[in-house]
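**Student:** For reference, the chains in residue letters:
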Amino acid sequence: MADFTWTTRSPLQQAVIAGRHGAAIAKAGIRLSEIRDFDLVQVFARRGQWAATAKAAKAYFGVAAPTGPKAVTGKKGVLVWSGADQFMALSPRLGTIQPVDGLRGVFEGFASLSDQSDGRCLIRLSGPRVREMLAKVNSLDLHDGVFPIGAAATTSIDHTAVNLWRDADAPDGSPVFNVLVFSSFADSLWHTLVDSAAEYGIEVETVSIAVD
Amino acid sequence: MASAQSNRLAKGGLIDRNAPLSFTFDGKAMIGYAGDTLASALVANGVTLVGRSFKYHRPRGILTAGPEEPNALVELRSGARREANTKATTAELYDGLDALSQNRWPSLGFDVMSVNSLLSPIFVAGFYYKTFMWPAKFWEKLYEPAIRRAAGLGRTSGIADPDHYEKAWAHCDVLVVGSGPAGLAAALAAGRTGARVILAEEDRLAGGRLNSDGGEIDGMPAGEWLAGALAELEALPNVRIMTRTAVFGVYDGGTYGALERVNDHLPVPPVHQPRQRLWRIVAKRCVVAAGAIERPIVFSGNDRPGVMMASAVRTYVERFAAAPGKRLALFTNNDDGWKTVEAAHRAGIEIAAVIDSRKDLSQHHRALAQSGGFAVHNGVVVDVKGGKTGVSGVEIALANGGSAQIAADVLAMSGGWNPSVGLSSHHRGRPKWREDIAAFVPEGAPAGMLSAGAANGDFSLSACLRTGHEAGLAAASDLGFKGRAGKAPAASDEAISISPLWHVEGRKKGFVDFQHDVTASDIALAQREGFESVEHLKRYTTLGMATDQGKNSNVTGLAIMSELTRRSIPQTGTTIYRPPHVPVAIGAFAGHHRDENFHSVRLTPSHHWAAERGAVFVDTGLWKRAQWYPIAGENDWLTSVNREVLTVRNGVGFCDVSTLGKIDVMGKDAGAFLDRVYINAFASLAVGKARYGLMLREDGIVMDDGTTSRLAEDHYFLTTTTAKAGPVMQYLEFCRQVLWPELDVQLTSCTDQWAQFSIAGPKTRDLLREIVDPAEDLSNEGFPFMGVREVRLRGGMFARLFRISFSGEMAFEISVPARYGDAMARNLMKAGEPFGVVPYGTEALGVMRIEKGHIAGAELNGTTTADDLGLGKMMSKKKDFVGRVMAGREALTAPDRQVVVGLKPVDKARRLRSGAHIIPKGAAVGPDTDQGYVTSVCHSPMLGQWIGLGLVERGRERIGEIVRAHDPLRGEDYYVEICNPVFYDPEGGRQRG
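Chains as they are written, first to last, in the UniProt record's numbering: chain X, 1 to 212; chain S, 1 to 993.
These aren't lab readings, by the way, just hints derived from the structure by calculation. Since the structure is predicted, the reported quantities are computational estimates derived from the model, not experimental observations. Mixed in with the good hints there might be a few duds.
What the hints assert, rightly or not - Sample of chain X residues at the chain S side, in silico, Cβ under 10 Å:
(1) K136
(2) G145
(3) H159
To be verified - Counterexamples of contact, computed for chain S against chain X with all Cβ distances above 10 Å:
(4) S107
(5) T156
(6) P221
(7) E350
(8) K388
(9) I496
(10) L525
(11) E535
(12) H536
(13) P630
(14) P920
(15) E953
(16) G971
No residue lacks a Cβ here, since even glycine has one placed at the ideal position from N, Cα and C.
Isolated chain S (complex conformation) (with noise of 0.2 Å):
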């Protein structure tokens, strides 16, 4: 049976006491209400205990209402959805929820660990860093998992993540973050006038301290003015309002980096949701209004579960209905913490007593002490009592000199706000230090951002409305937008009063960074140490680098640190703000592009008739091609391959080749564009044929490589490798654009638009000739070796047919648009059934062209020279050319240079890996003697063994010499001989055949 809400207010909140919640803590049922955070739903069940500190283990409560938390962070959910380091004051109930507290063992209640607050003289700051320096290989193994495992926060499932996750773009004029009354009026305005505005939102209600704090606005309870802004707002076709949403970052040129939390409220979300979805919000405006931080005071036993931030209080209370305690005393260095006492004492908790460390009290303060029948203490707190479930009194140091205990079960703390200024110095603000408030505010903003209202350090509800107001309307007028704004809504003025104290002595421990267990006595210590840089004190300490980022410390360390330096808290000064402001899950970065959406995939036109008939497919770049096609009985690729080199070599097979790039290079000039280009001469290039042709990047190095015809005087059909499509045509574009704007040439990439297939095999043309028209001559004669023409097939079709061969083979490149290519594949076998004909994938490819010893993408590695490749002969020296001049440089013309050449193991049964390094025999390994290693590899059919190219030194001179092939990466050794790389066929008569 749930425990009933033994802390839930009679009346008031914004929660839905119709629709009870049912949700577990630690195994414990409870009952909520919708509208409740698990945070307000623990307070309501009188839960105190709810975590347990990163360090020393110590008991924590819950200590604000916000997404500032660093206490009550829980493990939501269960199984695949398991999330570690949830925050409970931003999780919103639902039914079902199941949350277990952290880093306790075996229980809450009872945790081993809590040991270390004993240990704690040793555990200061730089522990690990003193403590585990030697011997340092024991760190990665040893001290490093241990520490990780006594220090750990939750856990995570360990298994992939079912929800998905997805990204989107907005865009807007005026983007206005936070949605309290500073929001609220800067969206009013500049909404007003036309200009699109979006209103983010963290909480999933709009209003911000709004519906905490109350309020009079325009003469109306603030509840009300609030649900007419928002009537209003919601009825401008240019404001969009997006709750549950965090903007998190700044980025260049405008835009923002946002988190929707869409579905984090349900246990699951609906079928085709996101969980969350990841906004990047491009506004050329934007008016910061994400308020301000209430910050804690360090004493001794500022951490005991019962003590809350004034704040927080308030929160639990009015917001949802939620009392923290039953008896409640306040200790504040400003007004605003008293409005705690008044929301409090108007919902029936009895008060204490306020302790406030100023002496004066106002004249309102003291008539309320009088009708709320509390005694107001000038002085500070210096002990809390009670246990790990709560507060039972605190021990008072009075400014007389005297000293009062009070008895309270909980004790609210206010040591005064800190302004948001985190989105404000994401490009590197240094925020300014202002006296009269006490607190940094926004300085050196990023380009087009206003900060407004309390995140601007104006904190009473009049100065909220009236600054937000203002930076709407000066964001919209900005750009040009003329619309009336109408008027800044308005509050009566309140006192804004604080006298700084950061840090009262005392006895025990006083926390700065509760969820780092980052001491007062710590920051001392760093000092001592010489830390005293806030970077440096930050690093030593930990300080600030939980999942809370500092929200609630930082300000507070820098200030105890600058009073142990005797330096003003300017000259101390603040660390870089960096995004993410909060935390956003690595799943939401990743969107949609996991598992099979991690990258578009491109397909070939044979690729569904391929996958009919059950070829295996391997990822080149994007694209989808068939490896091999394994027929009944084959069980190992080795089988394939071999079997369909054998039937080219012997036959005919088909290889789709579409993947290559293609491009139509056009113009009067497009054959001196070409040779300017390739190293070879393409402007001489007769019309129909076809020419190898070689580029150089500018330094002199190999950039691609592919065969290039001339269609008509001013038409080239140029081609490049798969893996370099992008790349060159990228380049090409960048000379014909920038380099050389003068020549008439035009570029389209095609590489889509065909579907070309080589057809390879001593049976080539007996194929083509059953589906090429017979009034075509496809003889020597009238179809030569790199001949080029359209011709016309049966079944009245036309195709482009190319006669170039990268298998060494006699062969053809067939082409035709690519919405013919699957009846094309299903043609070839058809023509080439009589013959035998196979369809041969990648790896035959592959095999076949380390055969001819043809280079490909192994060896165009971006290492290699013309030269080095064996190409260095087709270097015009008759023209000029990119990369011309710094090919010829000495280190790139060396005699000494690695070359390709072929290897072969010299135990013929032996398996040559690619990678092995290339030693010569007799020689020591080492870095010296290392003279190349092995490119490519293959199991070569038509030698009966595995073969290779490499780039060996001076390789071209060793033909017949045996070296030493050595693979540390799999210990292998053994010897292989350089050899010719043309290993089949080397004088090229199959291909003219």
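The following block holds chain X by itself, in its conformation from the complex (with noise of 0.2 Å):
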């Protein structure tokens, strides 16, 4: 018989090309990062749940989940208010177990999970053009004073729904938003913003995901 490996490969694996792309300009103006390695959990109250979801969520991650449209760090991982009563937990792959089953004991009875580690891409966009890149992709209003660190959105880029959220600034000061993209959907998305941020200049590169 023969033997079978099981060779990962991300849907953004032909598209991201690490390196210098777009304008040469001396620094680039837009940092795009494919970030790898995540576990991302759906996790759902069950109904009339969500005060016991989320004390669960607190005693596991460290932090409290979030009840409106912002993503929380706590030690354990980073939790992303994606609707009433549910969240994302995206945190660093545990192994090629299924991500489920490590939470499975944290919200039994409570909540609902559903597996969306594959389900999702994760893209990182900071540089200090990033918001005059993204204005042409995404409608939201990403002014520091609307849309401050840890502020999230659901909302879409280019037509495709995505997870958007900002995380703290870069050592640079510029801005850091992560977009979760549905997988099937990642090649096509990374292609738009490569050419929304074409004219400042990109550096590109793919990932780890770290939690701090």
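Bring the two chains, given one by one in their own frames, into a single complex with the hints.
**Tutor:** As structure tokens, this is what we get:
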């Protein structure tokens, strides 16, 4: 019998080409990163069980689950609001086991869990021109006073549904936005993002997720 | 050698004399300066004739200096970038610009079609309607194309636009439209309070009329004040100045459309940059400070090249240091026109005379005439002398009954000013007439919008600054901004006096709408023929329907109509204002969404693997799916598809079915929820089993179908068709949130989470036994038909395995997290190699489902009931479900409904085609005998002929009947036999094997 190996392949594997793209400007205006190796679980409170779900989340992740459009960072992961009574738990990949198994004990009886680790790709956008670039593909007002660090939205980028949230600023002070997009759309969306960013100069990279 | 800039003034102007730019007009090389528009460069080069009019091909010159220009339309650029109807007055000059005049043949100077002008007695309003009525069928093929050739404007390139356009969003508290004195004062006031301000300016430069009219503000020359104001605004982090950006429309919820001409001023946009950008600006408040447009007076010869708006003359002289003539006459009915005389006099242009229709002359103007040494005539211009290249003099009818002749080479005219009420009227506002200024001002503006300055009828510089400041402050404080706005900038008051004069009767044509050649007599004719309403007047004469949308002509036209009908101007009223206020290229509306970016694309987990194998892809919705996988030596699709089908039916094959919609339905009440949305029972489904389900719409028509499995007591895994994945998810969310919020059920889309493959064929188990852990029992007993469970795979993997079949063969679907989809495709090839496995595409999938009589999108087409599809028995009688009641309606249960049957041509060699109508044998073709149609067809390699499914009246009672397939679209007519839709293995033994 043949041996079988199970090599993973990101939906962005072909699209992401590390290095400089677009306009040849000394400092790239946009940094585009594919974030890999994460577990993502949709946590959806059972009817009437939001309080218990939030409490369980706090005990496990070390941070209260968001009750509105916010992303909060705990010691074990980032909790991104995704609708009434639900959030997505994003954390570094623990292994090849199904990530819902690891959380089942935490939310037993309180919440339904759905593995989305492969259902979404995570793209991080930053750089001094990132707001101008996002303005081409997203209708939200991402002004600092309106969309502060930790703000989240279920919105669309170029007609593609995404979860968008703002992370802590980059070391150079420029804002950082995270985008979760359905995997089948990722290749297409990536090209749109590159096109939108090209005039500012782009630095592309692939990195593993880190939660701090 | 380029011509000298004969009419360039020695000094002044906002141009860079150190940056000469070469350009051509109709092939003639000329020089202008950076800062010029094409129009100002033409003026500087002494060019007066720039185009031919639309209908009469009359010679025309530059009328205005702004975006309202009706005459000076050119073809700009060449090759694929050639663009028609570009206004020379807004086209910024660049080095190497090539412009061609339009609508003339063979040349601008000698135009054959100008004979139309001699025939003008027949080219009157309504001419086309009256003349080309009969015979009606000639219109489309003969009359219209001929008329369009004769009356056309510029030509498009006919080649795909090589430039890139994009769209963008912007947000602010206060949007200020226009950066003249009112707009600047508004932006300063609002900006200083801390409000987020966008100041949008259509021009390259901020400043509006300050750049042409000068004046003194806060004790400084206007230019100096302007520089200071801009510096302050640029320093405010909450203020954004957008030049070259025209706000063209007001939309719902405080959204404004604006067009930024990012790189129109360059021959070719820099790499990676768009040509134009379409903005949607979301603003909580808006201050319209878009100024006003000076209106012509209608008199004989008012369209002769060299007759120009007075304000435009001023702009060419002051802003561009270009003299439209050497000896100027002014015809005015108001004080503002006199400013042109002052400016021209300062610039050393000789003043021939001022013809003022008003009796009383102000002290100031009398002194001016004295010092300038020119005559002032109280009267009107009745004719303009000259030729196609310019004015030589004017004929005046004096108020005292006499007449006078004046020699001049440029006639400036001023009929007063029309505030720009376009934007403020976009939500059906009807502008209000003000007698004192003889003009319409905004009324009924969209919520959150204020107008200020000339746009609101406040014409003087001091009033512009004051009302602009007030509007900016009001907008900001209304939003709660409390910062100090400072004081309004101040200027000295000036007299604004006007005495309306619309039309001077004359012997020759006086033009109202220059671009569409609508004259005063056309309006009179329209009135005589009963087209008195302004909306009728507009359509009958085409007044205001040209590319300038009547910016120069609408008010004058309706004023003339009001005189003719002896009604007041308010009684006559205005036409409705609609976006866009300025022309916007379709390319800008399309933005990024063209060619490969027309829409987003979804890729399956095995896409790149399939591409490596040379798969042919088909668009199914947004998805790219492998349609078939040709191998060496196969040149046509049917060969490949037949091979794939036969391999599956005789061996094994697999197909990526990840595109099916997948939804996790979880919670204590998940089963009860599914019982309500499906026509058949799901609460009773055992854990570890799958069941085919059908959903109805509320009206009883089938919505979607799919297989749903129970993975745990409180967890179902629901699948939808590829096409309906999104709509079904939305619908189920609606049911959960709105219809039955009391149920404990949670829904999550997991379509993209799982890579799912259908493995089918008699050797399916052989293949699976290679890849699945040997401990897993795949026998009929260990894994029965419609069984579901998680299994271990060799190599340290797990998968969900579903024993379901769409092909009618022994089949499983195997599902792994999507990142392993590529590996799964490769491993299935490896595991199946000993058994001759092939990947198969959507064509083979379709063939096998038709051979099995399985319904798909063509039958689930929004008109069919469960019974039509042969699934009526699935409708549970023990429970309620969505669509149950309405499905019982008489029409939906009528015995003569069209139902799914199989169809096969009597002549086995004949190809069956979808869409063919089913007509009873011997009946005449017609709607009364039409009994249905062919929905799905394929060539069946198993039967060796074309077969299909169709919807046929009483079809199930007519098995064996021969009917006609009538296909007028393809000109075919042949006999087909109605048969059982299950063509292959009707007992279903193979899938249970």
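**Student:** Run through the hints listed earlier and report the numbers of any the structure violates, in increasing order.
**Tutor:** Hints that this structure does not satisfy do not exist here, as all of them hold.
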